[in-house]
Each structure stands twice: as structure tokens, then as C-alpha cells.
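Asker: Here the protein sequences come in this chain order: A and B.
All residue numbers for the first sequence refer to the numbering used here, where the first residue is 1 and numbers rise by one.
All residue numbers for the second sequence refer to the numbering used here, where the first residue is 107 and numbers rise by one.
Check each hint, because a few of them may be wrong.
Stated by the list, open to error - Just the calculated beta-carbon pair ranges, DEER-fashion:
(1) A:Thr-63 - B:Ala-491: 26 to 32 Å
(2) A:Gly-62 - B:Gln-356: 50 to 56 Å
(3) A:Ser-8 - B:Asp-192: 52 to 58 Å
(4) B:Glu-469 - A:Pro-80: 33 to 39 Å
(5) B:Ser-323 - A:Ser-8: 55 to 61 Å
As the list claims (entries may be wrong) - According to the in silico footprint, chain B covers these stretches of chain A (three or more CB under 8 Å from chain B):
(6) 26-35
(7) 77-85
Just so you know, these hints were derived from the structure itself, not from any lab.
Note that the structure is predicted; figures quoted are calculated from it, not measured.
We treat Cβ as the ideally placed atom computed from N, Cα and C, and that holds for glycine.
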Amino acid sequence: MPLVTFISFDGSEQEVHVASGTTLMHAAADNGIPGVLADCGGACSCGTCHCYVDETWQAKVGTADDVETQMLEFVIDPQPNSRLSCQIVIKDELDGLVVHLPKSQF
Amino acid sequence: MGSEHAIIVGASHAAAQLATGLRQSGWDGKISVVGDEAIPPYHRPPLSKAYLSGEKHSDELLIRPATFYEKSSIDLLLGTRVTAVDPKNKCITLHDGGTIPYSKLALTTGARVRKLSLPGCDLDGVFYLRDLNDVNRIRGFIGHGKSAVIVGGGYIGLETAASMRKLGMNVTVLEALPRVLQRVTAPEVSAFYSRVHGEEGVRIITDAVVEALEGKSAVTAVKLADGTTLNADVVVIGVGVIPETELAEQAGLAVDNGIVVDEFARTSDPDIVAAGDCTNHYNPIYDRRLRLESVQNATDQAKTAANTLCGKLEAYHALPWFWSDQFDLKLQIAGLSQGFDRVVLRGASTSGRSFAAFYFSGERLLAVDAVNRPKEFMAVRRALAAGHSADPAKLADESIDIQHAFLS
Ligand SMILES: Cc1cc2nc3c(=O)[nH]c(=O)nc-3n(C[C@H](O)[C@H](O)[C@H](O)COP(=O)(O)OP(=O)(O)OC[C@H]3O[C@@H](n4cnc5c(N)ncnc54)[C@H](O)[C@@H]3O)c2cc1C
Ligand code: FES
Numbered sequence: 001m002p003l004v005t006f007i008s009f010d011g012s013e014q015e016v017h018v019a020s021g022t023t024l025m026h027a028a029a030d031n032g033i034p035g036v037l038a039d040c041g042g043a044c045s046c047g048t049c050h051c052y053v054d055e056t057w058q059a060k061v062g063t064a065d066d067v068e069t070q071m072l073e074f075v076i077d078p079q080p081n082s083r084l085s086c087q088i089v090i091k092d093e094l095d096g097l098v099v100h101l102p103k104s105q106f
Numbered sequence: 107m108g109s110e111h112a113i114i115v116g117a118s119h120a121a122a123q124l125a126t127g128l129r130q131s132g133w134d135g136k137i138s139v140v141g142d143e144a145i146p147p148y149h150r151p152p153l154s155k156a157y158l159s160g161e162k163h164s165d166e167l168l169i170r171p172a173t174f175y176e177k178s179s180i181d182l183l184l185g186t187r188v189t190a191v192d193p194k195n196k197c198i199t200l201h202d203g204g205t206i207p208y209s210k211l212a213l214t215t216g217a218r219v220r221k222l223s224l225p226g227c228d229l230d231g232v233f234y235l236r237d238l239n240d241v242n243r244i245r246g247f248i249g250h251g252k253s254a255v256i257v258g259g260g261y262i263g264l265e266t267a268a269s270m271r272k273l274g275m276n277v278t279v280l281e282a283l284p285r286v287l288q289r290v291t292a293p294e295v296s297a298f299y300s301r302v303h304g305e306e307g308v309r310i311i312t313d314a315v316v317e318a319l320e321g322k323s324a325v326t327a328v329k330l331a332d333g334t335t336l337n338a339d340v341v342v343i344g345v346g347v348i349p350e351t352e353l354a355e356q357a358g359l360a361v362d363n364g365i366v367v368d369e370f371a372r373t374s375d376p377d378i379v380a381a382g383d384c385t386n387h388y389n390p391i392y393d394r395r396l397r398l399e400s401v402q403n404a405t406d407q408a409k410t411a412a413n414t415l416c417g418k419l420e421a422y423h424a425l426p427w428f429w430s431d432q433f434d435l436k437l438q439i440a441g442l443s444q445g446f447d448r449v450v451l452r453g454a455s456t457s458g459r460s461f462a463a464f465y466f467s468g469e470r471l472l473a474v475d476a477v478n479r480p481k482e483f484m485a486v487r488r489a490l491a492a493g494h495s496a497d498p499a500k501l502a503d504e505s506i507d508i509q510h511a512f513l514s
């Protein structure tokens, strides 16, 4: 199972094993990672599952589609590596992925 | 672990957040969540959307896996109904007669469907849609080429119609009022949804008066007062919900169209809080009391309630928002439009599938219905939460970036 590291805003790190096919948002919710709210449960409707993909992983993770891009424009502190974690599906190639969490989701 | 015991009644959106929130806010006593459904708290919105249409599996519905509650020392008592609350002796009674004492109690009992008393309502193949159980039963009656009649043209009715149509069914929606979504949107938005449903092959009949559901043991047809008969292999009734306040009433708590709570989610009993669909609460942004039926309210109010039980009084102050997915339409709503006197459109509602309707009362921006316009939704949500209004002319002008339409 791919290993994913969540680094929260205060710098604390949590490593979790995630089954391939699971979304990054679910991985966070399942493991009680604070900082990801995911109010809409992954419908790409709420923008409260915002995260920053570590720059070294951006190419492998890929880019946001149009809907997600529009949502991301208005999250708190958007950055070029911002993504909605419910739109990222974990695959074997993402073993070792590092994501950073924002200070606040809204 | 401390000797105190917090019991949460109901095990859905509000309960999941309340239990987690209690641990995050430092509650070190016992936590029990008692719910009458068989599985841990799950996301209800997909029931009429991706779960009904088969795009989402039941294991993707859980808000958190059962192991999460275990790790957080939160006891789930599922398949268990609470039949009474005794605030004097601070204990609850379960359906099997057992009693459990509490130090603090949270009511997150939600809402139950409004039932119709029509001839034929108890035939096989006639359903309401609230629980996973309902949808699992409905799924046994649907399939390509079958006919469905949906009674009620609100969000849940229209979502159900869209999901069934996607499966290749013949779908008719019956709405008693002159337009679908009449209670919640402007005429332009209703007309838009009627048009798209028509384009997708759903038949919508407004001003419909249902006379009877017909069939021997299972439903076969729906009869209208004007004599029309519609074939039906399945009927889904979605005509609204009633707050589940029975326990609260029996316990002597103040109830008035929902369990009455203050800005800290406290009921009229100092040791009992309530959150979610079951509450009637004050919203400071709109300066009135409300009863909301949304995930946003269930989660946000549950956070307030959890803080309150941990002795941190932080007033509930949140902008309501909602969403609805039908066909390729992603509707996102920020704010509450009730009481609007003017609607401003950005983009066309009469053609295509992307526009936003902004609701005003005088100079004040109240809300937006954004269809396939995530940017407009997010922008308005931020602006309303910060107390900003907007310039109607700029909102209507697509050449102006939405960001520049707001007034501080
Ligand atoms: C089909 C459908 C689609 C929806 N779509 C959306 C959407 O797109 N967006 C949105 O924001 N909202 C949507 N909603 C509304 C949203 O699901 C509700 O607002 C939300 O579920 C409210 O959560 P709650 O925890 O307050 O109550 P509920 O979800 O109603 O849960 C209450 C729970 O308590 C249990 N219970 C009640 N009394 C007792 C008792 N005495 N003992 C034990 N257990 C008890 C009930 O069985 C239930 O499981 C939808 C609802 C439905 C049904
Ligand atoms: S969970 Fe709501 S947008 Fe990702």
C-alpha cells in the first residue's frame, strides 16, 4: 500500500498507508488527519479538502480539471500546488507522496 | 479516561462531527453514539445521486471507517433506538428497556420524511428516500426500460429523477405547485431545471394532483385527479421532512418547529445540546431563527455543540450553503435567498447549462444559485461570510471578473 505523508500547518507529520484507488481526502478522513474537513464528502462542491501537493510530486499527481481549478481560486491562500484532495486518487506510483495542509479550510 | 459520559443520540452527519469534535476539544470522558441505523454515520447526499445511479459504492459512503471511532475511544451503539430521555435523573432508555446514565447529552436526531396518506401508499414499490436502507430497497425496483414516478419536484425528487433517467428509465416527476423548486428558487432557476430535465427525457407535470397509487400488491400506476394514468414500476415520494423532535418533547425541552437551541447549541436543559436538521436556531447573518436541512448546518452546528460541552462557548456563526447534482448540472448555493425582491443573472438560464442567479433584497446580496459556476459560488460564499454585498450591474456583466463585483 502506498505511503502518504501529511504535514500539517504547524509542521507535525503523519504517515499513513493508503489502499490504491482511495482518494487522498478519504485517506485523511479515515485517519483523522486534522485540517481536512471534506464537508461534501468528495463531490467537489465544498472546497474544504484543500491541500498543497509537495512540489516534488506535482508532476506525478497531475493537474486539476476546470471545476476544481475554479474552486481553488477562492480557497484560503491558493498556491500553484493547491489541489482538492477529494480529486486525487492514490495509485501505486504515488508511494511516498507528501502533501501539506493549509492553516484553515474556510 | 474521565468518569463523565457524553451520549449522542442519532448517528449521522451531526453525530459524527460532534463525537470527533468532543475529542478534538479535549473531552476525556466516555463518548457513546447511539443510532437506530445499522451502519456507522454515512454521507446522506449521495443516496439520491451517485449511490442511486450506481456510480458510488456503499463502502465509499461512510464519513469515517468504524476503526476510526475505535481508535478515538468513541463507542458506537448501532441498530439501537433511544425511546426516552429522563433529564431529571440524567439517563436515556433504549428500545430493549436498558438505561444508560449520561453527564452530557447531545440530540442529533435529524429529520424524518413527511408521509402522504394516499390510497395505495402502502403498495410494494412505493418508497420514501431518506436512509441507505430505503435506497437499497429502491435499487431492487429500478433498471433500464422500467418506469418511475417521482412525487415531489424538490431537490431530492429531481436528483432521484436524474439518477433514474441516467439508468435508462422512463421518469415522470409530479409537482403539486406551478413550478419545480418553487419554495427554494427564483422562477428563472425553476424554468432552467424544467428545461434541462425535459431535454434529458424526464417528463415533468406541474400543478399535479395525485389521486391514488394503483396496483394489486405492487404498484403499477399513478392516477391523477385530471384522469391521467401513469405507468409505474416504482414510485418515490419526496415531499419534505419533519424535524425529529419526539424525544425532546417527551423530555420537556422547548420545541418550536425543531428543538429550540441558543447560539451555543444549548437546549432549554443546561446538560443537553442539539445540532443538525432537528434544531431551530438563530442565524446572525440573516438575523432570524432557522431550521436548516443541510450537511453544512449539521457539521458546523455540531462543532459548536462539541465546544459547548467542553466548556468553550463559541457562538454558531456560519453562512449556510448547499449543493445538488443532477445530470451534468452542478448546483452550488451560498446563502439563503428567502425574502429576495430581485434576481440578477450572470450567463443565460434559457439556453446552455451554466449560469448564476444572484438574489438581492434591496441593496443587499442574499445568496447565489450557481449552476456549473464553481467560481461564482466560492466567490459569493467568501463575500457573504465577510458581510460584503455586490454591484448587480457588475455581477450581470460577464466581461467583469466576479472578484471585482463585490463591495466592501
Ligand atoms: C436523499 C438526500 C439527499 C440530500 N442531499 C443533500 C445535499 O446535496 N447537500 C446537503 O447539504 N444536504 C443534503 N441532504 C440533507 C442532509 O443529508 C441532512 O441535512 C443531514 O443528513 C442532516 O444530518 P443530521 O445528523 O442532522 O440528521 P440525519 O442525517 O437526519 O440523522 C439523524 C439520525 O438519527 C437517527 N435517530 C433519530 N431518532 C433516533 C432515536 N430516537 N434513537 C436512535 N437514533 C435516532 C436517525 O435514524 C438518523 O440516522 C440530503 C438528504 C437526503 C435524504
Ligand atoms: S470534499 Fe468537498 S470539495 Fe473535496
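Asker: Work down the list of hints and note, for each, if the structure agrees.
Answerer: The hints, checked one at a time:
1. A:Thr-63 - B:Ala-491: 26 to 32 Å: holds, 28 Å
2. A:Gly-62 - B:Gln-356: 50 to 56 Å: Holds - the Cβ-Cβ distance for Gly-62 (chain A) and Gln-356 (chain B), about 54 Å, lies within 50 to 56 Å.
3. A:Ser-8 - B:Asp-192: 52 to 58 Å: violated, 42 Å
4. B:Glu-469 - A:Pro-80: 33 to 39 Å: holds, 37 Å
5. B:Ser-323 - A:Ser-8: 55 to 61 Å: Since Ser-323 (chain B) and Ser-8 (chain A) have Cβ atoms about 57 Å apart, the given range 55 to 61 Å holds.
6. 26-35: Contact hint for the segment 26-35 of chain A vs chain B: holds, 6 residues under 8 Å.
7. 77-85: Check failed, 0 qualifying residues.
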